[in-house]
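S.K.: For reference, the chains in residue letters:
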Amino acid sequence: MNTIRAYLRGRGALALLLLIPAALLVLGGCESDATAPQDPTPQLSERDAASQAGLIAMAIVDVGPEIITFSESGKTVYNRSFFGEVSGTVFLDFRLGGPSGPSATWATGTWARLYTGVGEPLVIQPEGIDGSAQLGLDVTGDLNRGAGTAVLNGGGTFSSGTYTAAFTFDDLAVATSGYPDGGTMTFTGGGFVMTVAFNGTSTATVTVQGHGTWTVNLETGAVTPAG
Amino acid sequence: MSKPRGRQAARILAALAILPALAAAPAWADELEDLLEDVTGQYAQAYLAPFTHSFGPNLNSGIFHTAAIPRSRLTIELGIKATATHLVEADQSFQKVIDGVDLSDYDDSVAPGTTGYVVMSGPTVFGDDETPGTVTGYVGGVQVFSQETIEGLVDTRFSPMAVPQASVGGIAGLRATVRWLPELKLGDFGKIKVFGYGLQWSPNIVAPTLPVDVMVGFFNQTVEFGTLIEADASTMFVAASKAFALATVYAGYAMEDSEIDVAYTYSGNGSTVGFTAEGTQESRVTVGATLNVLAKLNLEMGHGDLTTYTAGLMFGF
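Quick note, the sequences are listed as chains A and B, same order.
So the first sequence is numbered by our numbering: it starts at 1 and just counts up by one.
So the second sequence is numbered by our numbering: it starts at 228 and just counts up by one.
In short, the hints are calculated from the structure, not lab data.
Please note: incorrect hints may appear among the correct ones.
[Said to hold, decoys possible] Which chain B residues face chain A? A few, computed with CB under 8 Å, are given here:
#: 1; residue: H280
#: 2; residue: W407
#: 3; residue: W428
#: 4; residue: N431
#: 5; residue: I432
#: 6; residue: P435
#: 7; residue: H530
Yeah, the Cβ is synthetic: ideal placement off N, Cα and C, and Gly gets one too.
Just chain A, with the same shape it has in the complex (with noise of 0.2 Å):
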């Protein structure tokens, strides 16, 4: 006992000391606990979803024909500019035979990619609905002159907030004039995966897998259940 004692007033001391420190480190690995809140985003819901389909949909109404409709001379990369409910700038490429032919002017060009500058999207600000969402759109398609249609594949990214989705176009079929007649959007997002078909009237039906149906009025993005 007298040697602890002994060993603990001479050298032991000095050992203490530095173990304590060591000990405090090795503590140190207890964590204080989180105290700021961190509450999760909401989740969407089927009709949340189905409204940002809705947008979109409304937005490839009105900016998709452009790849048809587009005239200007002087040009092999050009760029028009929407003002209103969907408003920002897209460029079109056009070029003869696909997307590795030569360039072409849009009067000539038999293919074409449609598309939103990096960092630059669409602005989608519905009359009618509070709120605004951004569109990255990339969609390219062959073109039928003497028809006046096109055939458009691809698809983009949609923001709103920090919420986010992705879509693909399958065989949108627009024209100069109209609503697109033909083929299907499939939106996902929200934790849901649906898909949007078009049949040349002013509303398109969203299907969402494995919940319900829905009807998107393609003037103001705005979604109904079906009947």
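Mind docking chain B on chain A? Use the hints.
M.R.: The following block gives chain B in isolation, referenced to the frame of chain A:
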């Protein structure tokens, strides 16, 4: 260096250590008040959460550095305790969601009666001091407004504090401890007040054969920073220590509580914002060591809901 000159140098160092802490506090508090004036009370509560929850544990730290209290030999100590709560990385940012609200209450551009939810997110007071937060309103998954808010005050994972402390003991195994600053008026910011008091008693005077020094005690404190912050903290503790040649090791257990009142004027509508945040930490375990060479330098860690580190420099006999 002779012993008296060494002690004098140590005293000067202590004075130099306390002055920056006292000078920095009102500057930070002033800057904090300027930031808070740009946000609502709901935002401020979330933004300040790491501060309001660590303020009490910081105050309740470093109150003792030994459990030894002489039965009848006067001891006097004077010095400073510097404490910092180590925050988790998640506490540098926050996200708060308020559902089912009239969005026009948050943004004038929204038509009255528009019901939706608000997402407040961004850096906390100890988060990124260059990137502002946001308040965003949604209706049905579509953003209807977004406002930029405020940056963090200081980008750190340590919530710091420094307070002067003095104690007198050695009468019937009792030791009285105080933390006090004279009421300081600091320009536009207002006044700073610090006052705390407590008492410790050593059962060793009735049980002298105990193998270690043992002590029980309590401490109450009030701190005011102008009209912005008023905080109260109290703790009751039991501690044991063992002295060696140059050092004392100690450990303790404490039960504690705290609350902090925050008040400021929201510049958005000129209204007065006020809220009270209760400290979440109710108990802690403390371990530490005190090196006794010329002065008493102690290092300790307290762990409860939060982990605090304390360094103290005390002079006296």
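S.K.: Now look at each hint and say whether the structure bears it out.
M.R.: Results of checking the hints against the structure:
no. : hint : result
1   : H280 : holds (4 Å)
2   : W407 : violated (29 Å)
3   : W428 : violated (26 Å)
4   : N431 : violated (18 Å)
5   : I432 : violated (23 Å)
6   : P435 : violated (17 Å)
7   : H530 : holds (5 Å)
Of the numbered hints listed earlier, those contradicted by the structure are 2, 3, 4, 5 and 6.
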